[in-house]
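Engineer: These protein sequence lines map, in sequence, to chains S and Z. Take the first sequence: its position 205, counting from 1, is numbered 205 in UniProt numbering, and each next residue is one higher. Take the second sequence: its position 91, counting from 1, is numbered 91 in UniProt numbering, and each next residue is one higher.
I should point out that these hints are in silico values taken from the structure, not numbers from a laboratory. Please note that a few of the clues may not be correct.
Given that identical chains are not distinguished, each listed pair holds provided it fits within a single copy or across any two copies.
[What the hints assert, rightly or not] With a straight-line cut-off of 30 Å between C-alpha atoms, the simulated BS3-like cross-links for lysine-lysine are:
1. K287 / K201
2. K96 / K287
3. K388 / K96
4. K201 / K295
5. K326 / K295
6. K320 / K287
7. K388 / K326
8. K320 / K96
9. K320 / K388
10. K320 / K201
11. K201 / K388
12. K388 / K287
13. K243 / K287
2 protein chains.
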Amino acid sequence: MSDKPVSDHRASDISRRRLIGTAGAAGAAGLVLGATGGATVYAAAGPGAAPDGKALTSVGSTAVPFHGAHQAGITTPLQARGHLVAFDLAPGAGRKEAAALLRRWSEAARRMTAGRPPADAGGDTGVALDAGPSSLTVTFGFGRTFFGRTGLDARRPAALDPLPDFSSDHLDPRRSDGDLWVQIGADDALVAFHALRAIQKEAGEAARVRWQMNGFNRSPGATAHPMTTRNLMGQIDGTGNPKPSESDFDRRVFVPADGGAEGPEWMAGGSYAVVRRIRMLLDDWEKLARGDQEKVIGRRKSDGAPLTGGTETTELDLDKAGPDGKPVIPANAHARISAPEQNGGAAMLRRPFSYHDGIGADGTPDAGLLFICWQADPLRGFVPVQRKLDRGDALSPFVRHEASGLFAVPGGARDGEYVGQRLLEG
Amino acid sequence: MSDKPVSDHRASDISRRRLIGTAGAAGAAGLVLGATGGATVYAAAGPGAAPDGKALTSVGSTAVPFHGAHQAGITTPLQARGHLVAFDLAPGAGRKEAAALLRRWSEAARRMTAGRPPADAGGDTGVALDAGPSSLTVTFGFGRTFFGRTGLDARRPAALDPLPDFSSDHLDPRRSDGDLWVQIGADDALVAFHALRAIQKEAGEAARVRWQMNGFNRSPGATAHPMTTRNLMGQIDGTGNPKPSESDFDRRVFVPADGGAEGPEWMAGGSYAVVRRIRMLLDDWEKLARGDQEKVIGRRKSDGAPLTGGTETTELDLDKAGPDGKPVIPANAHARISAPEQNGGAAMLRRPFSYHDGIGADGTPDAGLLFICWQADPLRGFVPVQRKLDRGDALSPFVRHEASGLFAVPGGARDGEYVGQRLLEG
Ligand code: HEM
Ligand code: HEM
């Protein structure tokens, strides 16, 4: 089954987008314009019946399979609502408790992503009732500290070594790191909240919430532009992402099936997530004229096309000079210095949520990007690019990195398996 | 043009719901099963063309007219995303500056609700680009303190007298009240955020943000149950609301066209909004067994039907006793003691957003209801009901009122008029 996002074509409406996903999953090659992470549509056109017999429309009835080579929530199309939550193992909890926890979590996720309550026994909050799975995904990751607490130091991937410090960091340790990390995404805010509470409840005595953040993207059907989203600076965001159609997509994003050089073996099919809460200094940003904002990125705001012309998908012409002899895309433009060609091929799959937590203590909007990027190895993805950006990104004066995390996200669970089983029982 | 919500029928999918609204607006009586606040659909089935020529799907392309007898955002179907923001006039700003501000705000709202940028001159953030209006509404109200600051005390409605204290109040004054109040709702989070920033920008030097809150409801299409939403306790919420089909709906919700006894005249067609940020003590609530949760409200969680049987729309049988001789719907059940029959006919239109701001300082979820209720007179709506609830609501141990506001929301602006003009220039 294909497990790629619809990031390389434009579907002109959401139900067509979802339908294409189904067709793709069913293997009807002629229709595979771009698959949607293997989404299943219970009822694509108009109301239909979900497993519980309730009539649903296509947004609610779309389900993203829990099982697969990779965990869901990495190449799944951006969802309208997201929750990030990090946990620390409780004092006294070790490998055994962690294994039981991952087993409970996987089971709850498997059920909820199919539109069912998290457990057979009662006690469900009911918050998701009436809606279908709404493209719910629940993705689990391990932080560096998890391995010491569970006596698994020997299996800790080198890729989890702490990120270097960057000069622009203003990191709040209380909202950074964590033994365990869960990313929840859904196209309905109540479905997402329901999953968050269920995951918290299943943590039981084994783990305690360390930090928790909320985010959002466009609602399905609000735009005919499903390929990329806009961020709160108003830019189209996601254009330069690696495309599933590119031959090196898997190699860049996922640890190879045999563990590969990146290893360890239990990470086969997995990926490393770098999570940064990046505040946008919107009061300052919005004072810039649109032309100056566009020079900061190197792309037009209206349609995301490079300042050197064309459409959103046209390559940047980094050598082109303007009448004044200066490069049209400035030397410090964000899209120039973050591009793989400028970073020895370093690339990552950015899959963010925007966040907005009202007004901050300083009176400015507490809003920005829950930047999440996925790569087979952070040292060939986030790290070199952020190092470069840190030295000379025109965007830097308008953003502030306020929290950071790095998590090893194992491959998808096979039928009957739980996420992380190969680590915890291997 | 009809200006009623779809709260008295079940549309089985969102585009049918929207379509019915359009038909209603066009006056095709046979199709008026329930109008949607006069929503206009640029393209109901599949992609179409919005005013800017972009293809849009039905969620994005739905527009709620700004002009009308009443402001939009009162009987408009619940939107997926909401922002509440209160402003205080800046020191030195008086009636003249307030009139200019309401003129600017109305113009920005009129444009944005039609899917256009807030002003012709540049400087738009671009955050809403690619999406249509997405059912955006922007609703303006005046707080009690507005009238003293603008020398308009003589026109201050008696209905704005401070709400009484309630024993369960834990109100934070920094997040309560305000000279001016703006409610923003949209089915897309970026469209809503865009409108919030535009409204803040247009405030210019005339007014400063006092507080700001974010909320949400179901996404369009996530459920086939458009009549009511669920709240974060998992209950169907909105069932007992006055129905537009009832003969006293207008009288209960809106100040009469001639000002009526409620007066003053400038409030003709207006309504009073009571806004309460009500924290839910979810860690405690979720420990209750489902049966006990249902007794707290008097309705079933699964489908909202009364514990005395039937379906969601069946009347509560308040006299029915169980085998133990006790009333099936307990004496302190929330739906019993808040019902109009128990409160001398007092009724209000509840139109809330849920909120979730992560984890609070006390480690429990900072989540609950942005309770907003609309009535022609708070003394015949919110006040008597909340007095009763305050004395004996079974829900009280699970909620905490953390902020409060009361605002006079004038009638809708006529073409060429701005909201509040009859107050400020009358
Ligand atoms: C709030 C912070 C940020 C904003 C608003 C932002 C915005 C953008 C925008 C508008 C683009 C151009 C469109 C696109 O290709 O998506 C872009 C490209 C990109 N950004 Fe960022 N970005 C931010 C932070 C970062 C960070 C922290 C990294 C990694 C360290 C990063 C890496 C990239 C990469 C790799 C590209 C694609 C370049 C290419 O190959 O064309 N960005 N970003
Ligand atoms: C977080 C706080 C609250 C929650 C969770 C809540 C929940 C509910 C629920 C589940 C119902 C039954 C379904 C329905 O008719 O909508 C209901 C009914 C009602 N509630 Fe609340 N409520 C809250 C606060 C309030 C407040 C503060 C008031 C007014 C002072 C209020 C007034 C009403 C009214 C008038 C009804 C309808 C009763 C009827 O006529 O059947 N509620 N509420």
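Engineer: Against which earlier hints does the structure fall short, listed by number upward?
Structural biologist: 3, 8, 10, 11, 13
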